[in-house]
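For the record, the sequence lines run as chains A and B. Quick note: the first sequence, position 92, residue 92 per this note's numbering, numbers continuous. Quick note: the second sequence, position 233, residue 233 per this note's numbering, numbers continuous.
Hints listed in this document are in silico derivations from the structure and should not be mistaken for laboratory results. These numbers come from a predicted model, not from an experiment. We treat Cβ as the ideally placed atom computed from N, Cα and C, and that holds for glycine. Misleading hints may appear alongside valid ones.
Subject to a maximum C-alpha distance of 25 Å in a straight line, what follows is the list of computed DMTMM-like cross-link-like pairs (lysine to aspartate or glutamate) [stated by the list, open to error]:
hint: 1; chain 1: A; residue 1: K235; chain 2: B; residue 2: E424
hint: 2; chain 1: A; residue 1: K146; chain 2: B; residue 2: E173
hint: 3; chain 1: A; residue 1: K4; chain 2: B; residue 2: E216
hint: 4; chain 1: A; residue 1: K84; chain 2: B; residue 2: E210
hint: 5; chain 1: A; residue 1: K4; chain 2: B; residue 2: E260
hint: 6; chain 1: A; residue 1: K84; chain 2: B; residue 2: D395
hint: 7; chain 1: A; residue 1: K84; chain 2: B; residue 2: E216
hint: 8; chain 1: A; residue 1: K4; chain 2: B; residue 2: D182
hint: 9; chain 1: A; residue 1: K221; chain 2: A; residue 2: D279
hint: 10; chain 1: A; residue 1: K4; chain 2: B; residue 2: D443
hint: 11; chain 1: A; residue 1: K84; chain 2: B; residue 2: D394
hint: 12; chain 1: A; residue 1: K4; chain 2: B; residue 2: D395
Where chain A lies over chain B, by a calculated footprint (3+ residues, C-beta under 8 Å) [to be verified]:
hint: 13; segment: 188-194
hint: 14; segment: 430-444
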Amino acid sequence: MRNKITSILFILMLLTGAGLHLLLPDRVYSERERRKLEPLPDVSARSILSGEFGRKLETYLADQFPGREDWVALQTITERILGKRESGGVYYADDGYLIEACRSLNNRQLAANTQAVKALQDELDGLGIPMHTLLVPTASQILHDKLPPYAPNADQQTVTDYVTEKGLHTVVVSPILSEHKDEYIYYKADHHWTSLGAYYAYAAWMQSKGQCADRLDAWQKETLATDFRGTTYNKVNDPWAAYDTIDAYYKNVEHSVDYNRGYYVTKSIYERRYLDSRDKYAVFLNSNQETTVVRRKTDPNGTETREMEDDPGGKLLIIKDSYANTFAQFVVDDYAETHLIDLRFFRGSVLQYIREQGITEVLVLYSIPDFAAETAIPHCSR
Amino acid sequence: MVFSSLTFLFLFLPILLLTYYASPGRAKNAVLFFGSLLFYAWGEPVYVVLMVFSTLLDYTCGRLVERYRGTSKQKIGLILSLCGNLGLLFFFKYADFLADALHMVTGLNVPKHGLPLPIGISFYTFQTMSYTIDVYRGKAKMQQNILSFGTYVTLFPQLIAGPIVRYRDIAEEIDHRTHSFDRFGEGARRFVTGLAKKVLLANNIGLLWETVLHTEIAQLTTASAWLGIVAFGFQIYFDFSGYSDMAIGLGSMLGFTFPENFNYPFISKSVTEFWQRWHISLGAWFRDYVYIPLGGNRRGLAIQLRNIAVVWLLTGFWHGAGWNYILWGAWFCFFLIAEKLFLLRLLSRLPKVCGHIYTQCVLMISWPLFANEDVGRCFSHLRVMFGGGVRVIDDAACYQFLTYAPLLIVCTIGCTPLMKKAGEKIVAFLQAPKKQPVLALCDLVRLVGLSALSLAYLIGGSYNPFLYFRF
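Isolated chain A (complex conformation):
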C-alpha cells in the first residue's frame, strides 16, 4: 500500500512536469526576471554531436518550466531559511533592506577617472566656471549597520578621501546622510537613493557653496508609486521583499524638457509612463539619456509662472549617473537651464559643450561604486 502510493506519486510527478511543459506555450521573455528565455534549440547533426543541443535543451527546459518564477522564489525562500545572507551580489540586510554589495573598488579605474575629472576641473578653473564633484556613498556604506555581521564590504570613504587628496572640489555628503540614516533615504529594494536622500545631498552642496538650501517643505511632495521593487529585488527575486514608495518633490510641475537635442521634448521631468512598468525609477528624467536639458517654464505671454524676485539665471551642467536623476528635482528651479550629460552615451567634447551652451556651473555626480568602475568617465576631459 505504502509503496504503491509512492510509486504512483513518483510517476505522476514526472508526468505532470513533462506534460505541463509540453502543453503550456513557450514564453519569449520573463517580465519578472527581466530577461529573454531560451527557446527550443534547433536540431542539427552538428549541434547534437558537439553536445551543444543537449546543453541548450537543459537551459530551455529550465527557462520554460511551468511556473518558473515561482520555483525560483521557492529556492530563494529555502536559501533564506538556511541562513543565506546574500544572493547575486545583494545582501539581505536588516529591516527588509536589500543592499547591493560593494566588495572591492577598482583602484586603477578610479585613478584614471579622478585624473580626467581633475583635468576638466583645471580647464574650467581657467575659464572661471566653478565645478564641484559630489560622490554619493551607497546604502552599503551609510547603512552598514544593517548588513549581515562580518559581511565583506569595501570602505567607500577611501574614494572620497582619494579624490579630495587629488585636488577635486568635493562636496562631502557622508556626514549628512549618516546623520539622517534612520530616515527613508535609500530604497529597500533598489540600489538608488530616494528623493529624500538626494535632498540632503543637495543641501550639503548648497552649503559647500556658502548658500542655504530651502527647507524641504518648500517643495511640493507627491507620491508617485507605492509598489516599487527595483534592481536589487530583481537580483534576488525574493518574494518577501519590501515595496518601496517613490516620492517626487517639485516647485513647478512643468518645465520644458528636451532629451537628446530635440529628439524628444516634453513638459515634465517625470516620465510617468514608467510607473506602470517594472523599471519605476526611470520615472525620474526618463531613465538615462545622453543629454537632457531642463528649462524653467515661462508661460506663452512671457511672464513667469511664479513670482520671481530671485529670478535665477545661470546654466548648470551635471555630468552624472542615475543617482543624479532624483537629485535634479531640487536644482531645476535654481537655474534657467539645467543640462545633464551621461558619459556612457555622450560622444562629443564636454568642454566644447560647455562653451557652446554657455554653461556657468558644473557638478559631477556619481555614486561611489560607479565612479570607481565606470569606464566612460575619462571622456569628460576630451
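For this one, chain A is given, so just place chain B on it according to the hints.
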C-alpha cells in the same frame, strides 16, 4: 546526461519508464540497452562507440574463455579482455599524464593526443573486466545473449558514477528479474533522497568550497582553509553517495538490486573502517581482482604490506591521472599499513572518541590532495591550514561561517545514521494497519517536499557540477 538535470527527470526518465513497463518481458532488456546508449550518447555522442566496443570485446572474451576452457588457450579471452579494457583506460586516461611525466623526467617530447576523457570510462571498463575475470574463474556463467550482456554493460543507472556493479552481482537479474510496486516505491524514495543529497546539500555546501578555492592563497586565513576543506568533504560525500542512492533507486525501479556503495563513512573510528564504508564497490573490486590475486594476507606480513601498497597506489591513481591522486592514495596507504601493524590495537584500547578524531584528522588532511590537481596548491592549502597563512581568521571567514552554519549542521546530521534511525522508528511506530494512512501521508510529504525543493534548485539554475569527469 546526469541524473540531476531536468532533461533526465522530465524527458528521459518518464519516456524510459513508460516504454519499459509497456514492453513485454523479453523486450525490456532491449529498451534498457538502447535507452542507456541514448543516455550515454547525450553527453558523449562520439564516445558511445567505445562503450559498444567494450561490450563486444568482453562478450567475445567471455565466449572465448568458455570455448577454450581446460585447454592451453583458456587464458586468451582473459588476456584479451584485460589488454583491451586496460588499454582503453590507459590510452584515454593516463597516456597524456605519462607523456608529461616522461617529459618532466627525461626531457623527451612525447606527443599527446589531448582527447577529453570519456565519462564513466573508469567505471564501465572495470565492470566489463569483472565479467570476463569471473567467467574465467568460474564464478559467473557465460552470457549467451549479447543484448543481455549489453544491458549489463550500458545499464544507465550505474553507468557514469557507479556503484561498480560486478557482473555476478546482477547476473541472475539480467535475465530473470521481478518488478513490483514494493521495489518501485522503495526505489523512488531512494532516488529522491539521493537527488536531494546531491542538489540540496552537495551543491550548496560546494559553493563554500568554491569560494575558498578561488581565494588567493596569499589572502587565505587558517579558519577559511579549514572551513573550505570541511565543506569539500561534505560536498564530495553527499554528491557521491547521492549519485549512488539515485543509481540504486533507479536500479530498484527497474528490478535490479545494486550493491550498496556508502555506509556512513564519516562515523568511522579508523581509516580501515572508513574504507569499508566509503565507495564500497570500488574497494570490493580492488580486493577481489587485485589484492587477493596478489596473495592478500595469506603469504606473510611483508607480502601483505606490499599488496596494500599496490592496491592503494592504484586506488589513488584510479581517481584521476594526476600526482595529487597518487599522493592521496599513498597518504591512506600509510595509515592503513600503520593500522595493520599497531595502530588498530592501540586505538582499541583508547576511548572511542580518539578513533573518531584521528580518522577525521587523516581525512581533513587528505581532502586538499584530492581537491586540487595542482600539487603546489595542495601543499600551500595544507600550509595555510596549519598556520602558514597571513592570519588565523578574518571577517570573510566569520561571514562564511555564519552564512553556512545552518547548512553545516544539516550536513553533519545528514552524514550520520541519525535520520535513518529516526525514520525507521517512525515507520515501525506507524506499521499497524490502522496507522497506515499516516505513514502514507508522511511518505507523501517527504517525497513531494524533497522533490519540490530539489526541483526549485534545478530550475533556479544554481551551481550543479559533475564531479567525476576525472574518474
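Each hint tested on the structure:
1. Straight-line distance between C-alpha atoms of A:K235 and B:E424 comes to about 42 Å, which puts the hinted pair past the 25 Å bound.
2. For a cut-off of 25 Å, the pair hint linking A:K146 to B:E173 is broken: about 61 Å separates their Cα positions.
3. The hinted pair formed by A:K4 and B:E216 fails the criterion: a straight-line CA distance of about 53 Å is larger than 25 Å.
4. For the hint linking A:K84 to B:E210, the alpha-carbon distance of about 16 Å falls within 25 Å, and the restraint holds.
5. Only pairs whose Cα atoms come within 25 Å are accepted, and A:K4 paired with B:E260 is accepted, the gap being roughly 24 Å.
6. Annotation: proposed proximity of A:K84 to B:D395 holds, straight-line Cα distance about 16 Å (limit 25 Å).
7. Our distance criterion of 25 Å between C-alpha atoms is met by A:K84 and B:E216, whose separation comes to about 23 Å.
8. In summary, the hint linking A:K4 to B:D182 is supported, as the alpha carbons are separated by about 7 Å, within the 25 Å threshold.
9. With a C-alpha separation of about 21 Å, the suggested pair A:K221 and A:D279 falls inside the 25 Å cut-off, and the hint holds.
10. A C-alpha spacing of about 11 Å is found between A:K4 and B:D443, which places the hinted pair at or below 25 Å, so the restraint holds.
11. Between A:K84 and B:D394, the direct Cα distance comes to roughly 19 Å. Compliance with the 25 Å bound is thereby established for this hinted pair.
12. For the proposed pair A:K4 and B:D395, the alpha carbon gap of about 52 Å is over 25 Å, so the pair is violated.
13. Coverage of the segment 188-194 of chain B by chain A holds in this model, with 4 residues showing a Cβ closer than 8 Å to a Cβ of that chain against a need of three.
14. For the segment 430-444 of chain B, the proposed coverage by chain A is satisfied: 5 residues have a C-beta within less than 8 Å of a C-beta in that chain, meeting the threshold of three.
Hint check: violations occur at hints 1, 2, 3, 12; the rest are consistent with the structure.
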